[in-house]
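**Q** Taking the hints into account, I'd like the entire structure generated from these sequences.
Protein sequence lines, in the order shown, are assigned to chains E and H.
Its first residue numbered 1, the first sequence is counted upward by one per residue in my numbering.
Its first residue numbered 1, the second sequence is counted upward by one per residue in my numbering.
The hints are simulated quantities; they were obtained by calculation from the structure and are not laboratory data.
No experiment lies behind these values; they were computed from the predicted model shown.
Each hint should be verified, as a subset may be incorrect.
To be verified - Far from chain H, some chain E residues (derived; all Cβ distances over 12 Å): (1) Glu80; (2) Gln104; (3) Gly225.
Stated by the list, open to error - Facing chain H, according to a computed beta carbon distance under 10 Å, are these residues of chain E, among others: (4) Pro137; (5) Asp138; (6) Asp139; (7) Ala143; (8) Glu145; (9) Met147; (10) Gly148; (11) Leu162.
Claimed, not checked - Derived lysine to aspartate or glutamate pairs resembling EDC-like cross-links, with alpha carbons at most 20 Å apart: (12) Lys254/H x Asp206/H; (13) Lys56/H x Glu80/H; (14) Lys56/H x Asp139/E; (15) Lys308/H x Asp288/H; (16) Lys212/H x Asp232/H; (17) Lys56/H x Asp138/E.
The C-beta atom is built at its ideal place from N, Cα and C for all residues, glycine as well.
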Amino acid sequence: MISGLITPAAGGPVIPTFGKSSTCVVQNHQFCMSWFLDNFSSRFQPRLLEHIELTAIAVGVGMVIAFAAALLAHTQSWFETPFSLLAAFFYTIPALAFFEVMVQVTGINRLTAEIALVSYTLLILFRNTLTGLRAVPDDALQAAEAMGLTRRQTLTRVELPLALPPIMAGIRIATVTTISLTTVAAYIGAGGLGEPIFDGIQTGFKTEFVAAGFLAVALALVADGLLVIVQRLLTPWARRVRRA
Amino acid sequence: MNQADSGCVEIAFREVSKRYEGRPEAAVNRLSFEVPPGEICVLIGPSGCGKTTALKMVNRLIAITDGDITIDGRSVNALEVTQLRRGIGYVFQQIGLFPHMSVEANIGSVPRLLGWSKQRIRARAAELLSLVGLDPDADLRRYPGEFSGGQQQRIGVARAMAVDPPIMLMDEPFGAIDPITRERLQDDFLRLHREVRKTIIFVTHDIDEAIKMGDRIAIMRDGQLVQYATSDELLASPANDFVASFVGADRGLKRLRVWTLRDLTLDPAPPAGGDSLPSVEVGRSLRDALSLLLTEGAGQLTVTEAGKPIGTVTLEAITSAVAQDRNTAAA
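**A** Structural data, given as structure tokens:
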């Protein structure tokens with residue numbers, strides 16, 4: 001059924017004739033810039049925005065779940081192993097198989113895609129958050145206790161800020177991974193840059209999937225760069241260390 | 001020697017014990033002593049003697065099993081624990097500055113909990129930084145990681161004094177700092193303590209530091225108090241062999257450090273020609289005076305106050321001052 005979608009059309013490329021076609025398009029070159037620019041706002045921009053939305057929701061929801069789980073595991077250490085195993089289990093399922101299975105439960109829609117995408121973020125976000133919380137220097141915790149900070153004040157004023165660098169590192173990895181993984185989500189009709197990729201592969205029109213692939217890579221790089229900036233703004237202290 | 005300021009409080013240990021489950025020996029066993037307002041009391045003893053445990057029971061980092069600790073007659077258990085701790089300055093060897101907070105925010109930690117305004121916190125942090133010998137203009141916005149260990153502990157002391165608590169607990173505060181910097185920190189802290197009197201309990205394992213810092217010294221062993229006395233008493237008449245060996249065979253020399261020339265009855269100043277004698281300020285220790293006598297090969301020193309000769313001192317005067325020490329030293 002759906003698997004037929006990704007097989008390139010037999011009998012040579014089907015060249016779309018969107019009005020007047022340039023030689024580049026007609027000869028199906030690797031990448032036709034003018035076609036890409038002409039079609040960006042109509043064919044790519046909506047997909048790009050969908051892609052950003054899918055990724056943001058997945059990482060956001062994943063972070064909320066992973067954060068809550070890490071906080072629990074930080075105080076109740078028994079919780080670490082079962083949650084780690086569950087997250088690792090999700091992480092190791094092949095993406096296409098996971099989508100296929102989830103379609104039978106929640107149908108062909110964005111919810112299905114998000115469930116799968118969130119599942120993939122959990123392992124990294126959980127691990128990094130817990131590592132960050134555990135790496136808070138003992139002397140800072142001792143000082144907090146001796147100064148009369150309550151448990152909650154210690155968490156919000158000392159532990160979380162100090163755990164930020166590993167947490168942000170986790171968010172960066174999760175974001176880049178999810179951007180890449182989200183292209184596959186088009187397979188179950190979730191939209192995003194995967195749509196033009198599948199479409200291009202199906203029709204054999206190279207510019208379409210090259211452009212979409214390029215956009216996905218560019219999105220990942222830009223997102224990572226922005227997150228680095230956010231991290232630096234949030235942790236100005238991390239780079240200001242006296243050199244011995 | 002120590003006038004109590006009105007803001008100072010007395011700390012009293014009354015039959016305080018700490019027992020841990022599954023351990024037959026008490027970590028602290030029926031400890032009783034009093035620290036008069038405004039004094040520095042040093043707890044000292046071999047490792048495992050219970051000195052840090054005793055200290056941490058004051059701000060309830062460790063719970064008291066039996067007995068009570070009172071601050072101006074009020075049990076430490078009477079207050080809510082966070083309330084109690086916010087009113088007690090705490091300085092420890094690992095310093096524990098918050099690496100993600102500027103120096104200002106570190107010092108402002110407790111004031112912020114108490115709802116001080118931003119301006120008041122900034123003013124207080126600046127005041128404290130200059131008090132501990134750092135530069136408020138340059139250092140308030142910097143982060144702890146940008147400072148040396150000695151500077152960090154200065155910030156640690158400033159942070160502990162942020163809300164001007166009447167009590168400070170200091171757990172080997174200068175223990176991890178190189179000897180030269182440690183001396184300077186000790187001197188600065190003593191100067192600071194003369195300006196801002198607080199009742200202080202100071203834990204160390206270094207007898208020289210104890211003698212230097214302590215108005216009173218409590219020597220502990222196996223959770224029990226062996227002797228509680230002023231530095232001078234402790235050096236002059238150790239209660240038993242353990243104390244004598246702990247303070248060291250050179251306690252006669254150490255005692256010279258406790259005394260200053262001010263504590264001696266000086267011979268009258270020579271009418272003239274005193275200039276030819278080496279001179280020493282009256283505020284210096286007997287140890288410094290003796291050292292000068294030895295290095296100069298002189299039999300007599302001119303003692304000066306603010307540069308003006310006020311008398312002379314001889315080797316005999318110094319030895320007779322510590323004479324009572326001789327009888328016990330032979331034992």
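**Q** Work down the list of hints and note, for each, if the structure agrees.
**A** Status of the hints after comparison with the structure:
Glu80/E, annotated as away from the interface, keeps every beta carbon of chain H farther than 12 Å; the closest lies near 25 Å. Every Cβ of chain H is farther than 12 Å from the Cβ of Gln104/E; the closest lies at roughly 47 Å, confirming the non-interface assignment. Non-interface call for Gly225/E relative to chain H: holds, since the shortest CB-CB distance, roughly 23 Å, exceeds 12 Å. Interface restraint check for Pro137/E: the shortest CB-CB distance to chain H comes to about 7 Å, inside 10 Å, so the restraint holds.
At its closest, the beta carbon of Asp138/E sits 8 Å from a beta carbon of chain H; the interface hint therefore holds under the 10 Å criterion. A cut of 10 Å between beta carbons decides the hint on Asp139/E: the least distance to chain H is about 4 Å, and the hint holds. Taken as an interface hint, Ala143/E checks out: its beta carbon lies about 3 Å from the nearest beta carbon of chain H, inside 10 Å. With a least beta-carbon distance of about 7 Å to chain H, the hint placing Glu145/E at the interface is held under the 10 Å criterion.
For Met147/E, the suggested interface contact is upheld, since its CB lies about 5 Å from the closest CB of chain H, less than 10 Å. Annotation: interface hint on Gly148/E holds; nearest CB of chain H at approximately 3 Å, less than 10 Å. Nearest Cβ of chain H to the Cβ of Leu162/E: about 6 Å, under the 10 Å cut. The hint holds. Restraint check for Lys254/H and Asp206/H: satisfied, since their Cα atoms lie roughly 13 Å apart, inside the 20 Å limit.
Taking the CA atoms of Lys56/H and Glu80/H, the gap is near 16 Å; set against the 20 Å cutoff, the hint holds. Under the criterion of a C-alpha separation no larger than 20 Å, the hint pairing Lys56/H with Asp139/E is consistent with the structure, at around 15 Å. Restraint check for Lys308/H and Asp288/H: the C-alpha separation of about 18 Å stays at or below 20 Å, so the hint holds. The straight-line distance between the Cα atoms of Lys212/H and Asp232/H is roughly 11 Å, inside the 20 Å bound, and the hint therefore holds.
Among the hinted pairs, Lys56/H with Asp138/E is consistent with the structure: their alpha-carbon atoms are about 16 Å apart, no more than 20 Å.
Figure legend: structure checked against the earlier numbered hints; every hint is met.
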